[in-house]
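Trainee: Based on the sequences and whatever the hints tell you, model everything.
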Amino acid sequence: MKHALPCLLLAVGCSTLPPPNTTAQDARIARGPWPEVPAIEMPTGDTSIPISLLQDVADALLKRPGAKVCDPVTQQPIVGLSTEYCSTVYVAGDSDSLSWRVTEPIRGDHDSCRPFFAVKDDDYPSSQVWVVGYIHNHPCGAAPSSDDLSAWPTDAFDPFVAMAEVRLIPGNPVPAIHKNTAIEMASALVAERRDGTRIFLRYFPTGEVQQWSDVKARWVTLGTCAPRGPSPLGTAPRCSDGSLQLLRE
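When the letters of the sequence shown are read in order and numbered with this note's numbering, they come out as residues 172 to 420.
For the record, the hints were derived by calculation from the structure and aren't laboratory data.
Beta carbons are placed, not taken as given, at the ideal position from N, Cα and C, and that holds for glycine.
None of the hints are false.
Pairwise CB distance ranges (calculated):
1) Lys350 <-> Ser223: 13 to 21 Å
2) Asp294 <-> Arg364: 30 to 38 Å
3) Gln247 <-> Ser297: 38 to 46 Å
4) Ser414 <-> Asp294: 40 to 48 Å
5) Asp265 <-> Pro209: 17 to 25 Å
Mentor: Laid out in C-alpha cells, this is it:
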C-alpha cells in the first residue's frame, strides 16, 4: 500500500540514511519520541493533531536529504532525488498528563512512504501509548491523494463504501483520554511551495480535510473526501465540493 509521504523541496540529491531505530525483535515498531521534535503537552486547545506539532515536524523534516526536491517545470517529484518521510503520531502518558509525540521518520522513495503503526516509547510502556495517525511530507505542495486517504487509519473501514462516522478509534481499543476529553484520530501532511510558504493539512477517518490558515489562525475545512479507485482521473480523491482547493495566503 502506498503511503504518500511526499517530498518537500531541497536542491540536493538523496544520501543514504541509517535504517529506522529498531531492533530485530520489533523491526516493524517505530521508536519515539523523535529527539528533534519536542513533545507538546496537553492541553493544546485542540483534540486533534495540533498545529504546533506540525510546525516542529516540518522544521525537522525539511533538513532531511531530498525532502524538498521537486521538478520546477512539471511540479512532480524527481525519481532518485525526491524523498518522502513519514513519522507515526501518538500520545503518551495518562489522563492527567498526556503529550503529543512523533517517532523518528521512516524514509520512503520519491512518491511513497510506509509508516509503522506500532510505537515503542522511551518514557512510557505500551499501555500508556496511543497511536493516532501519521505525518508525512508531500512533493511540490500537493493536496492529499487517494493513497493518503486510503492509508491507515482510514483503512480500518471500507473507504469506497462509507467513511467512519466518528473520529475516535480506529486502531485503538480505547481512545486516549485527557481529563475527560477524547483525543481524535487523524493523519497529516506538510509541504512547502516554491516561494517558501508552508502548507499544513490534517485529515480524519470521517474524510474531512483541513488546512491551517495563518491569516485566520485556525483550521479551515477544505472538504470531505474519500479515496477514488483506479481511475483515468489519476490519484485525486472524490470530494464533496469537487477537487480540493488549497488555501493560498
